[in-house]
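Protein chains: 6
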Amino acid sequence: MSNSTVEKYKKERQKSDDIVMKYAGAPIKRFYSLDSQVYHDGALSAKTKELLGLVASLVLRCDECIKYHIMRCYGEGVNDGEFEEALEIGLVVGGSITIPHLRRAFEAWDELKQTQ
Amino acid sequence: MSNSTVEKYKKERQKSDDIVMKYAGAPIKRFYSLDSQVYHDGALSAKTKELLGLVASLVLRCDECIKYHIMRCYGEGVNDGEFEEALEIGLVVGGSITIPHLRRAFEAWDELKQTQ
Amino acid sequence: MSNSTVEKYKKERQKSDDIVMKYAGAPIKRFYSLDSQVYHDGALSAKTKELLGLVASLVLRCDECIKYHIMRCYGEGVNDGEFEEALEIGLVVGGSITIPHLRRAFEAWDELKQTQ
Amino acid sequence: MSNSTVEKYKKERQKSDDIVMKYAGAPIKRFYSLDSQVYHDGALSAKTKELLGLVASLVLRCDECIKYHIMRCYGEGVNDGEFEEALEIGLVVGGSITIPHLRRAFEAWDELKQTQ
Amino acid sequence: MSNSTVEKYKKERQKSDDIVMKYAGAPIKRFYSLDSQVYHDGALSAKTKELLGLVASLVLRCDECIKYHIMRCYGEGVNDGEFEEALEIGLVVGGSITIPHLRRAFEAWDELKQTQ
Amino acid sequence: MSNSTVEKYKKERQKSDDIVMKYAGAPIKRFYSLDSQVYHDGALSAKTKELLGLVASLVLRCDECIKYHIMRCYGEGVNDGEFEEALEIGLVVGGSITIPHLRRAFEAWDELKQTQ
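Chains as they are written, first to last, in this note's numbering: chain A, 1412 to 1527; chain B, 1412 to 1527; chain C, 1412 to 1527; chain D, 1412 to 1527; chain E, 1412 to 1527; chain F, 1412 to 1527.
Check before you lean on any hint, since a few could be wrong.
The list cannot tell twin chains apart, which means a pair is met if one copy fits it or any two copies do.
Here are the computed lysine-lysine pairs in the BS3-like style, where the Cα-Cα straight-line distance is at most 27 Å [unchecked claim]:
no. : residue 1 : residue 2
1   : K1524     : K1440
2   : K1458     : K1433
3   : K1433     : K1524
4   : K1524     : K1422
5   : K1422     : K1433
Don't read these hints as lab results, they were simulated from the structure.
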């Protein structure tokens, strides 16, 4: 995930969300707003919250969600050790069924680190 | 999902099912038959049943199943408002983990509407 | 689920929600509000929406959620045939793993019908 | 799970299924029949099939389903080592989230062994 | 969850685990050891790790797991605001299907706070 | 899945795991070791264990995991009838939501058989 990969990802996501918003009524718009709000700094830091989002996404096995939180974790200054320990918990809680997602998570992290 | 996309999808599905049927014993064949039967008109209309299948597929996060029920919903005359409200329920029940599937659902719906 | 059982259920739910609200910040309150809003009459009737909520709850195997939507379905005038056909879809989509919940769903429905 | 516990369990299950069957249309009846059929002796023995049902139930975390397959495994002559190794796989595939079910599985097995 | 409730809970858990260990081969023992190890202080604090375990348990909807991590969070000095914000994320990621577990989580937290 | 497809798959998997291991601490390494250990011959044969892994992967709907266990089942001498009956159980337990994975499973099996 080089800068250009991240930019490309964001553009595609935006394009998709534009289509969602073309049809969305108030509840979907409110859900989107809520989904952004819960990751803001508060009693817990945005960094900790992104780690929570990452582990929740890993145990529920959603690659797009994992990828999104990896980019956000990286942006919030999560380091290698913190990233790895969060994924350890996801792996132990969620079991070997999460391993394909774990692989893609470390690949995305590795790419992100090498190019930024 | 233009007419040709829908046709292509149906052909691939048929090709896959031909391979399943090459190996399938009676229980798999009976399951396939049951899976078709429960969506027929009855006390509930086929249209309502397709919406039930759509929401079940969204909360269980199966893109192929969502896509299939979108095409069937479209065929049963579901309109934009009905489609959006069904997905709203799926989103609220299933949470933000369903959002990547929600995006693809609206993209497929949008494509279907523009080309048919 | 006689009238008194329904009342008891509602009271316990309210008591629990009072504790949630004692701690809840804005996002949880907004989620609760959203969770109520998506089941209101709109392009789809409240009755259809409750059936969507019921099937989503069955395939995700949440007894409390199933029970709640059963009471709401009953209140919206869902009849035996409609109820059964919605559960059929949940069973076929979600598989035999839903059977224990299916049993409790029919037991609750049967009790509700006999006492109201 | 003494003989009397197993008997009690079977009676309750039958009573529940009687209520299901009071409302069930053809698809639910066919599903029940299918659900019985796939565990019969065939290319795989009934014993192996019960182990498959047990592990599927463990990773999907359904206590009633686990309990049912434990009784059936016991009936098919599964021994301690076979039972433990099947659960090992379920634990590793499904992760620590299965541990509460794993505990109840070994408790049921232990009770079954001590009283029969 | 008064001190005596917590003690009772620990005793029952130990009793169950004693039965697991009566049958467990090396892999289950290693899994248990791993399951303890990943929550130790490291690059991330034990406190953050317990919050990760809590949110993972909420989105996977396991009451026993939630309860366990609540007791551990309390022991690690998590405060009301931190606890609530972690659950907010779980609710938004996992959807309304988590609400019954959310209710029990706040009830357990409330009880824990009032009696210790 | 010809020999060359299987080889390609193994190489990609190895490449991914190399990246995982670049970051992995002791718990992830131990989990990987455990994940290999539970499928070894023991009270249950490796063949039966691969079938358990296959069905667990099907009901949890993980294509990579299914693919992996299919190759291993094939290697352990599972025949068509055994393979089909294991998948029957997965389909009935997991429901129609598993059908897209079932299709890919039979396609992979069919390819494997035709080219080896």
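Comparing the hints with the structure gives:
With identical chains, the CA atoms of K1524 and K1440 are at most 27 Å apart between copies only, with a shortest distance of 22 Å across copies and 33 Å within one. With identical chains, the CA atoms of K1458 and K1433 are at most 27 Å apart between copies only, with a shortest distance of 23 Å across copies and 32 Å within one. In this assembly of identical chains, the alpha carbons of K1433 and K1524 lie at most 27 Å apart only when taken from different copies (13 Å versus 36 Å within one copy). In this assembly of identical chains, the alpha carbons of K1524 and K1422 lie at most 27 Å apart whether taken from the same copy (21 Å) or from different copies (23 Å).
Taking the shortest Cα distances, K1422 and K1433 sit within 27 Å of each other inside one copy (17 Å), while across copies they are farther apart (31 Å).
In this structure, every one of the numbered hints holds.
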